[in-house]
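Asker: Make the full structure from the sequences, and use the hints.
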Amino acid sequence: MRSEFAEAMLTSADLHPEMIFLTGDLGYMALEKVRERFRERFINAGVAEQNMISIAAGLAHEGLKPWVYSIAPFVTLRPYEQIRNDVCLHNLPVKLIGNGGGYGYGIMSCTHHALEDIGAMRILPNMQVYVPFVDSDVGEAVHQMLNDPHPNYLRLNLGAQISQPVPPFTVWRRLTHGNKSVVIGTGPVVENALNLESAIVEELDIWIVSRFPITTIPDELLEQISHLRRVITIEEHYGQCGLRETLAALLLETLGTSIRYHSLFARGYPSGRYGSQRWHQAENNLGGEGLKQTMIEFLL
Amino acid sequence: MDQKRRKELLERAWNIKKRFLKMYKTANAGHVGTSLSCAELLTFVVFDWMQGEDEFILSKGHAAAALYSTLAERGFITEKDIETFYCDATYLAAHPPPNKLKGIPFATGSLGHGLSLAAGLALASRYKKSGKRAFCITSDGEIDEGSLWEAASFIIHHSLQNVIWLIDRNHLQGFGRTEEVLKLEPLTKRLTLLGFTAVECNGHDFASLEQGKLLLERSSKPGVLICSTIKGKGWKPYENTVDSHYLPMKDEQYEALIAEIDNQYLRSVSGL
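Protein sequence lines, in the order shown, are assigned to chains A and B. For what it's worth, our numbering labels the leading residue of the first sequence as 1, then goes sequentially. For what it's worth, our numbering labels the leading residue of the second sequence as 1, then goes sequentially.
Hint data in this document are derived by calculation from the structure and do not stem from the laboratory. Hints are supplied without guarantee of correctness; some may be wrong.
Stated by the list, open to error - Distance condition first, Cα-Cα at most 27 Å in a straight line; then the derived DSS-like pairs of lysine-lysine:
# : chain 1 : residue 1 : chain 2 : residue 2
1 : A       : LYS33     : B       : LYS128
2 : B       : LYS250    : B       : LYS25
3 : B       : LYS129    : A       : LYS33
To be verified - Derived DEER-like restraints, expressed as beta-carbon distance ranges:
# : chain 1 : residue 1 : chain 2 : residue 2 : range
4 : B       : LYS102    : A       : THR170    : 37 to 45 Å
5 : A       : GLY272    : B       : PHE175    : 34 to 42 Å
6 : B       : ARG74     : A       : ASP25     : 39 to 47 Å
Quantities reported herein were computed from a predicted structural model and do not represent experimental measurements. Virtual Cβ for every residue (Gly too), placed ideally from N, Cα, C.
Answerer: The structure is reproduced here in structure tokens:
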């Protein structure tokens, strides 16, 4: 998604002279053209994320629109208090861009992973979190963020590789119609459910959610949940503070019926070993054989 | 500095101090010492140095009462609102709140944010060619924060001469003396090496502050004024102690302090 993001920046740069692009010393082989296009509006703020966020808050206070880029944990967790105090409490339109959500940085290992970024960001006042699913979502997400007067966090990753068409980027999207269980996921990891063998996928009613916090559930989805009474959630993120818990709370408040609720989420580093993003997904039953077996057992 | 302006500043500072001391006394609240430490700095910045659309950030947000009192003196906060300090449902909390009060662009209270915010405002001013300057008062204990050094490097790298940084150098922090907790000295030398025009002055003396201001304004580099101050100045039992940071005033202490503040003012104006 990074190249799609860079492309969206290139098309927005001249249309929005109030945009300022800041990076925490990252963007090699990715943001060179953005740097060229933004010229004096491109700032490499150095390896100094706390300052970078407060600088952005100061810029936004004066009516400019700062976009702040780094690897996901470095733009969310390192300067967390600056995001809370200087950006969110003042409801300033600072746009945070985190590359490599979840296990996205793979073998770069745990310091570069972000398994709590969505949760950490979605609970902040005024913050809206954008989680694209496929590469082609990024342009629309950027467009919506440009028009969103609130603080935003955009979680970039490798876009889902799937064969079927995906509806345009919005909060809730239905990807498949099935009659055994509802699956609700966020981010590209949902591709692993979509790419299971067709006998399983045919039974799944798969939805993705692409913005947080979630405040409503579409009627159509609620009806389907009430009818099938089985929900599986999937996310490349801790379940605590993730989709698992926020959706459960909303369903408790909304549904009048009991359901089976099973969650697939990142559990960190159960074996203490490291590998590619795919390897971590498999180790956490978010992909591979583990995902398949979990689905089969749940659907019995 | 001519006598008339000096007298006006002395009178402003006197009013500001009396107002915030009454606020602290009514609320039975601490942070008296930190406000007494920076009262003249605030007075000087707001009533002498700032112009037009310039912004001010009190990075040491725990001196909020001094800031509220200064803004009341400026006419941005009503005396009626001042009476709500520390009360339930007030806007005037112990640290400055976001989005509510004219003259307070950012909520502060967590240390090490203000200088970056000021740099952001100053950078915006450069983009917008607004000519706006951003003033920031930090404490000295606050210089322990790594983010403050990030801000300092940024200001120097981008030659943000429209950031004006004042350090309330009272040598005391939350639980000890600065040189015993995390040594700051040689502070002026450190900041000079970083690229600032670093000027030392007496933070309780308007003539000295004026000299510092002139030196900074003549410089082509970003400036920092290291203002030597006394925490709890005038509060005799606790002057220059950590206690002055936390303790509320007893009745007799309050009366003695007000008398001392009055005397300081009268001594200063009679010497003009």
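Asker: Confirm or reject each hint.
Answerer: Each hint, compared with the structure:
A C-alpha spacing of about 24 Å is found between LYS33 of chain A and LYS128 of chain B, which places the hinted pair at or below 27 Å, so the restraint holds. Taken as a hint, the LYS250 of chain B and LYS25 of chain B pair is honoured in the structure, with Cα atoms around 8 Å apart against an allowance of 27 Å. Among the hinted pairs, LYS129 of chain B with LYS33 of chain A is consistent with the structure: their alpha-carbon atoms are about 26 Å apart, no more than 27 Å. Taken as a hint, the range 37 to 45 Å holds for the pair LYS102 of chain B and THR170 of chain A, whose Cβ atoms sit roughly 39 Å apart.
Hint check: GLY272 of chain A to PHE175 of chain B, Cβ distance near 39 Å, so the stated range 34 to 42 Å holds. Checking the proposed 39 to 47 Å range against ARG74 of chain B and ASP25 of chain A shows it holds: the Cβ atoms sit about 41 Å from each other.
Hint violations for this structure: none, all hints satisfied.
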